[in-house]
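Asks: Here is what each chain is made of, one letter per residue.
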Amino acid sequence: VDNIQRLLTLMTGDEKHDPASYSTLDVLRVLYERVLDVSPETVDDPRRDRFLLSKGHGPMAYYAVLCDRGFIPESWLREWGSFDSHLGYHPDRNLVPGVEISSGSLGHGLPLGVGSALGLRAQGIDSRVVVLVGDAELDEGSNHEALELAPALALDRLTAVVVDNRSSSYAVPGRIAERFSTEGWQVATVDGRDHDALETALSERGVGVPNAVVVTVLDQELAA
Amino acid sequence: MTTTTLVRDPRTQFGRTVADLLGEDLSVALVYAEISARFFTEAERRFPERVVNVGIREQLMVNVGAGMALTGLRPVVHSFGTFLVERAFEQVKLGFPHQGVGGVLVGGGGSFDASRSGRTHQATWRSSTRFPTW
Numbered sequence: 284v285d286n287i288q289r290l291l292t293l294m295t296g297d298e299k300h301d302p303a304s305y306s307t308l309d310v311l312r313v314l315y316e317r318v319l320d321v322s323p324e325t326v327d328d329p330r331r332d333r334f335l336l337s338k339g340h341g342p343m344a345y346y347a348v349l350c351d352r353g354f355i356p357e358s359w360l361r362e363w364g365s366f367d368s369h370l371g372y373h374p375d376r377n378l379v380p381g382v383e384i385s386s387g388s389l390g391h392g393l394p395l396g397v398g399s400a401l402g403l404r405a406q407g408i409d410s411r412v413v414v415l416v417g418d419a420e421l422d423e424g425s426n427h428e429a430l431e432l433a434p435a436l437a438l439d440r441l442t443a444v445v446v447d448n449r450s451s452s453y454a455v456p457g458r459i460a461e462r463f464s465t466e467g468w469q470v471a472t473v474d475g476r477d478h479d480a481l482e483t484a485l486s487e488r489g490v491g492v493p494n495a496v497v498v499t500v501l502d503q504e505l506a507a
Numbered sequence: 005m006t007t008t009t010l011v012r013d014p015r016t017q018f019g020r021t022v023a024d025l026l027g028e029d030l031s032v033a034l035v036y037a038e039i040s041a042r043f044f045t046e047a048e049r050r051f052p053e054r055v056v057n058v059g060i061r062e063q064l065m066v067n068v069g070a071g072m073a074l075t076g077l078r079p080v081v082h083s084f085g086t087f088l089v090e091r092a093f094e095q096v097k098l099g100f101p102h103q104g105v106g107g108v109l110v111g112g113g114g115s116f117d118a119s120r121s122g123r124t125h126q127a128t129w130r131s132s133t134r135f136p137t138w
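Sequences listed follow chains D and X, in order. For what it's worth, my numbering labels the leading residue of the first sequence as 284, then goes sequentially. For what it's worth, my numbering labels the leading residue of the second sequence as 5, then goes sequentially.
A hint or two may mislead.
[Unchecked claim] Example chain D residues on the side facing chain X (calculated, C-beta under 7 Å, incomplete):
1. S388
2. H391
3. L395
4. G398
5. L401
6. L403
7. S425
8. E428
9. A429
10. L432
If you're looking for bench data, these hints aren't it; they were derived computationally from the structure. Keep in mind the model is a prediction, meaning the values are calculated, not measured. Cβ coordinates follow ideal geometry from the N, Cα and C atoms, glycine included.
Please work from the sequences and hints to get the whole structure.
Replies: Have a look at this one:
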């Protein structure tokens with residue numbers, strides 16, 4: 284059995300996984316295994332890459348990946364969500380090593396990512412800031428303030444990863460990519476199960492513009 | 005007399021103080037949302053990387069300040085008090101104390117100071133706002 288699947292099962296208790304958690308699993312694995320320059324040894328290094336999980340609900344996949352990469356001990360997973368656990372139903376950066384933002388309420392990660400990208404640029408640090416948002420999370424208007432400003436300020440260290448599992452009530456196919464593109468982002472749309480395609484898209488950095496990677500994931504596939 | 009009048013204006017003095025702080029401490033940054041732009045021209049000219057006008061986007065303004073704080077900067081975040089705290093209340097709550105980072109939020113026009121501007125520009129609840137550190 285794959286180690287991450289085994290770790291997930293420590294939290295879920297059986298072989299079934301809730302879609303909110305599972306939709307992010309492949310992209311999280313590719314980010315931590317192949318793309319981000321961050322490790323348990325560099326969680327406090329100012330030059331580390333930043334990964335901001337804005338969509339903080341359903342964090343089991345995130346915790347499993349952090350555990351697999353050595354950021355948190357396996358014993359934490361067994362007790363997640365219990366009274367004394369560091370691992371709540373929404374991640375807390377002050378309790379969990381490697382977690383960059385405390386999230387849960389939607390629409391905060393991308394604006395925080397814009398601020399982090401500006402802060403790093405002001406200090407001459409060339410690290411990347413990668414923010415994961417959900418397609419329904421983009422309903423929140425606060426995202427659109429960030430979406431407009433990031434290209435205006437040429438934040439080419441910023442990457443928005445939109446996990447699109449068609450969970451928005453008023454989804455229009457193709458609109459997310461068009462919206463980012465209209466605002467001046469470099470945009471790629473990739474199949475959320477294709478690790479090589481994810482790696483290629485996530486390794487891109489725009490020149491003078493931020494980039495967005497729309498990751499399409501279908502829940503029917505996840506349940507299969 | 006003109007100089008004295010200008011210095012006595014709190015927003016003019018704020019602009020000068022912020023420019024001084026930006027010059028003294030490389031970790032200080034200024035984030036604002038169009039409001040008071042004319043008081044920040046000197047700061048913006050001297051420190052373009054650490055002075056950011058986000059446009060008329062107060063939710064973003066507060067979280068941009070918080071995001072800068074996450075990278076080790078000390079942001080000064082400014083708008084009229086009502087837009088800074090009352091409009092962007094959750095951003096203040098979750099961006100700063102919930103992340104465990106600090107910043108200086110400076111609201112202009114507290115309480116009924118903007119008496120002629122009406123309810124939209126008065127921050128009557130701002131002075132009683134307290135954020136828990138949890």
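Asks: Hints first: check each against the structure and report whether it holds.
Replies: So, going through the hints one by one against the coordinates:
Among the interface hints, the one on D/S388 holds; its C-beta lies about 6 Å from the nearest C-beta in chain X, closer than the 7 Å criterion. The closest approach between the C-beta of D/H391 and any C-beta of chain X is roughly 6 Å, which is under the 7 Å cut-off, so the hint is satisfied. Contact between D/L395 and chain X, as hinted, is supported at the beta carbon level, the nearest pair being about 4 Å apart and thus within 7 Å. A least Cβ separation of about 2 Å between D/G398 and chain X falls short of the 7 Å threshold, and the interface hint therefore holds.
This hint holds: D/L401 has a C-beta 6 Å from the nearest C-beta of chain X, less than the 7 Å allowed. For the restraint placing D/L403 at the interface with chain X, the shortest Cβ-Cβ distance is roughly 5 Å, inside the 7 Å limit, so the hint holds. Below 7 Å, beta-carbon pairs count as interface contacts, and D/S425 has one with chain X at about 4 Å; its hint therefore holds. Among the interface hints, the one on D/E428 holds; its C-beta lies about 4 Å from the nearest C-beta in chain X, closer than the 7 Å criterion.
Checking D/A429 against chain X: minimum C-beta separation of about 6 Å stays under 7 Å; hint holds. Interface hint status for D/L432: upheld, as the beta-carbon distance to the closest one in chain X is roughly 6 Å, under 7 Å.
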